[in-house]
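S.K.: Add chain B to chain A, keeping to what the hints say.
What follows is the residue order along each chain.
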Amino acid sequence: MNKIKLPVQALSVAVLGLLFLSPSSWAQEKGLFFYGLQMEELEYRRGDEKENLFNWNGDAFVGTDEIKLRWLGEAEYDRGASKFESLENRLVLQMPISTFFDAKGGVRLDTPKGTDRWYGVLGITGLAPQWFEVDADLFFSEAGEASARLDVEYELLITNRLILTPSADINVAFSDDTEIGIKAGLTSVEAGLRLSYDLIDRAVSPYLGLVYERKLGNTADLADGEGEDIEGWRAVIGTRIVF
Amino acid sequence: MKHLYLREKARCAFAMAILLSSPLAAEAGVYDLTVDNVTIDIDGIQKNGIGYNGASPGPVLRFQEGENVTINVTNNLDEATSIHWHGLILPFQQDGVPTISFDGIKPGETFTYRFPIVQSGTYWFHSHSGFQEPDGAYGAIVIEPNKREPFRFDRDYVVQLTDNHPHRGSRIMRNLKMMPDYYNRQQQTLGEFFDDAAKKGFGATIDDRMAWGNMRMMPADIEDLQGFTPLMNGRSATQNWTGLFKPGERVRLRFINSSAMTYFDIRIPGLKITVVNADGNNVQPVRVDEFRIAVAETYDVIVQPEEDKAYTIFAASMGRSAFGRGTLAPREGMAAAVPVLENRPLLTMADMGMAHGDMAGMDHSNMKGMDHSNMKGMDHSNMSSGAKPDPFYAPGSGLAPKTTDNGRKFLSYTDLKAQKPLYKHRKATREIELRLTGNMERYIWSINGKKYQDDEEIRLKLGERVRFKFVNETMMSHPMHLHGMWTILDTGAGKWNPIKHTVSVAPGTTVYTETEVDAPGQWAFHCHLSYHAASGMFRRIVVEGPETAQLEVKE
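Each protein sequence line maps, in turn, to chains A and B. Under the working numbering, the first sequence has 233 at position 233, and the numbering climbs by one with no breaks. Under the working numbering, the second sequence has 333 at position 333, and the numbering climbs by one with no breaks.
It is worth saying that the hints were derived from the structure and are not from the lab. Be aware that one or more of the hints could be misleading.
Claimed, not checked - Distance condition first, Cα-Cα at most 16 Å in a straight line; then the derived EDC-like pairs of lysine to aspartate or glutamate:
hint, chain 1, residue 1, chain 2, residue 2
1, A, K50, A, D78
2, B, K450, A, E66
3, A, K83, A, E51
4, B, K424, B, E464
5, B, K272, B, E249
6, B, K451, A, E66
7, B, K272, B, E306
8, B, K427, B, E464
9, B, K451, A, E51
10, B, K246, B, D308
11, B, K402, B, D289
12, B, K450, A, D65
Unchecked claim - For each label pair, taking beta carbons as the anchor points, the in silico distance ranges come out as:
hint, chain 1, residue 1, chain 2, residue 2, range
13, A, A203, B, Q46, 14 to 22 Å
14, B, T110, A, F101, 45 to 53 Å
15, A, G232, B, T238, 51 to 59 Å
Every residue, glycine too, gets a C-beta built ideally from N, C-alpha and C.
The shape of chain A in the complex, shown without the other chains:
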């Protein structure tokens, strides 16, 4: 499985390399293309059972109005146990399908401690009415199992720089994948509330927050049976980074 990580790393390097090409300009000069990096979460998490966790969730893209290549990554690293609780990288192509939504398709590779998994990804991303940022994905794993995730985020402007961001993501599995601790049904939920301040433009926005994680249904029972925590509160401190 470790050999498979190489192409993903190579692709990541390629994406980063493209970042150094500069965008063009006046329309008359054609070929406008852009790049960007957003780390929505880059944070230290302190658990209610004194866990020391490091967490990130972000994406980078390069492309045009019509098509973008996007890397999305999220991970939770347990410093106490020196292991990745989760480590996920996605590489997708993204294209507009409506005024406010894009379709995306690509691959996802999970390489946490334990078993690795490849997935095919199909999803949509965009802005729903009332300013909800929505990501919905379907995953088809190499083990033949299907699962889905819904990610919703809202920004509440307390002032134009002080922003309260509630977010939630819900995971559901359509069949069992016991090897990675997944049972059919709702598997887990994570809800967050972060208060950020735009310190440098929107480029650097430090924040404080609270996160609640919980495994659900049979997945929770399975974890419980193995003596794992099925829920936890975390206080988080970190910064959003936009480049």
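M.R.: Below, chain B without anything else, positioned relative to chain A:
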């Protein structure tokens, strides 16, 4: 300025005289411009930018009507550049738009522009390459007329405005594409929600936020680009550009808005402003207290300060995120009170084209005296007592200019009447509808729903008079600029309709212009907001005529 000089003034007079149609002209000025990386000093902070002859803004180029100019432009940058002579009527190969008029000027290269000056008035020049213009590559042009002007003045100043931003243009474009509200720091907040709830009721406030949220549009989206420093002749409000006068003198101020993105509302407290020229063409003098200058427009005004004191030239950005300021004073070092920036305006449903779905296609000339009493739910705050609403804004628009006091006069396009029509008034031979369209969330701006790259050129025939119908379907104002030919703005004044090069089309409105197609070749036509033009609100216009038969049409 040190590199700019006039030479060989009469040396090629003989050769030029042959070329010239005007019997008066025998002058031939040679001008040298270098395009340089420069430092721009704003309140002590040094910023890298692009300028001409070592400075931004570049020099004021002073031409004489009838002169044949030769302008040597040397590119000292490490990227290609170009200079477009904004508003000048000239052969299309001299118009300075890369890929449309010529190939651009490569690094290290000197390009020589040669064209006759066939007009007079106030214009400007700027780079049409990359984001060099927002980065500082602009300057002013003043053309002295051959005939006596129909107004008197004792002093003459250029007042050139810009919206200098700490970020380079390419970065701004990228940030807007990534996050269209990246620079918008005037969004509605929770605090404002509670204020509104206290004033208008909780339910009404919820309804209002839901209505906007449903469209995924923001009423506070007036200035996409905030965080800029307005500059007047390269000077910030604190650096206070000053023009001197002797009490009682008539001072001509040539306002040029060279901003990338920002409209300004201008007033000089204590002085009446007489507008005498718009976009280089004389208008019948009109006395106002305030006027709005769209991006790329010019207005020449005359003021007559009588007292031995300083007067503030106050230029508030249309979204009220910043102001520029200068001073007219009898002596250096004087200053007058600087007004406080008013609260920011908000767009209304009228600006979204929602309140009046039937507005599109309406003729503005019959809008006068319209009954506005049935516009329920509209914000009337901008209709100050008795003032006639400006038909160039959607009825109930949040953008319609408000004078600072009742009884004051704000300039409207309807006040502009040509001093001397350039063309015989005649019926247009055909109409072309151009819907101004866009997608704010993706920061894509387009015409008829298509970006420049995705649509064909607009083909016009030499000798026709075409009528453009602009239907603004977006919630932003777009200053539409046609290169190479005049734009006659239909204000309903018939033969007295003003002649312009840039016409602002406010949200939710339809505006008609006419153009006598008298210049063969291919021309650029675009929204002059830099990041709108760059993201697609741009077209190539091809004028088919005898001279274009052998024209190599470039992509």
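S.K.: Work down the list of hints and note, for each, if the structure agrees.
M.R.: Comparing the hints with the structure gives:
The straight-line distance between the Cα atoms of K50 of chain A and D78 of chain A is roughly 11 Å, inside the 16 Å bound, and the hint therefore holds. Between K450 of chain B and E66 of chain A the CA atoms are separated by roughly 12 Å; this keeps the pair inside 16 Å, and the hint holds. Between K83 of chain A and E51 of chain A the CA atoms are separated by roughly 12 Å; this keeps the pair inside 16 Å, and the hint holds. Note on K424 of chain B and E464 of chain B: the hinted pairing holds, with a Cα-Cα distance of about 13 Å set against a maximum of 16 Å.
Simply put, K272 of chain B and E249 of chain B have alpha-carbon atoms about 14 Å apart, close enough for the 16 Å limit, and the pair holds. Distance hint between K451 of chain B and E66 of chain A is fulfilled; the C-alpha atoms sit about 11 Å from each other, no more than 16 Å. Of the supplied pair hints, the one linking K272 of chain B and E306 of chain B holds, its CA atoms being roughly 11 Å apart against a limit of 16 Å. At roughly 10 Å between alpha-carbon atoms, K427 of chain B and E464 of chain B fall within 16 Å of each other, so this suggested pair holds.
Between the alpha carbons of K451 of chain B and E51 of chain A the distance comes to roughly 52 Å, so the proposed pair goes past 16 Å and is violated. Of the pairs offered as hints, the one joining K246 of chain B and D308 of chain B holds, with about 8 Å between alpha carbons and a cut-off of 16 Å not exceeded. Between K402 of chain B and D289 of chain B the alpha-carbon distance is near 11 Å, which keeps this suggested pair within the 16 Å criterion. At most 16 Å may separate the alpha-carbon atoms for a hinted pair to count; K450 of chain B and D65 of chain A meet this at roughly 12 Å.
The hinted range of 14 to 22 Å is satisfied by A203 of chain A and Q46 of chain B, whose Cβ atoms lie roughly 21 Å apart. Here the CB-CB span from T110 of chain B to F101 of chain A is close to 50 Å, well matched to the stated 45 to 53 Å. Between G232 of chain A and T238 of chain B the Cβ separation comes to about 53 Å, which falls inside the hinted range of 51 to 59 Å.
When each numbered hint is compared with the structure, a violation occurs for hint 9 only.
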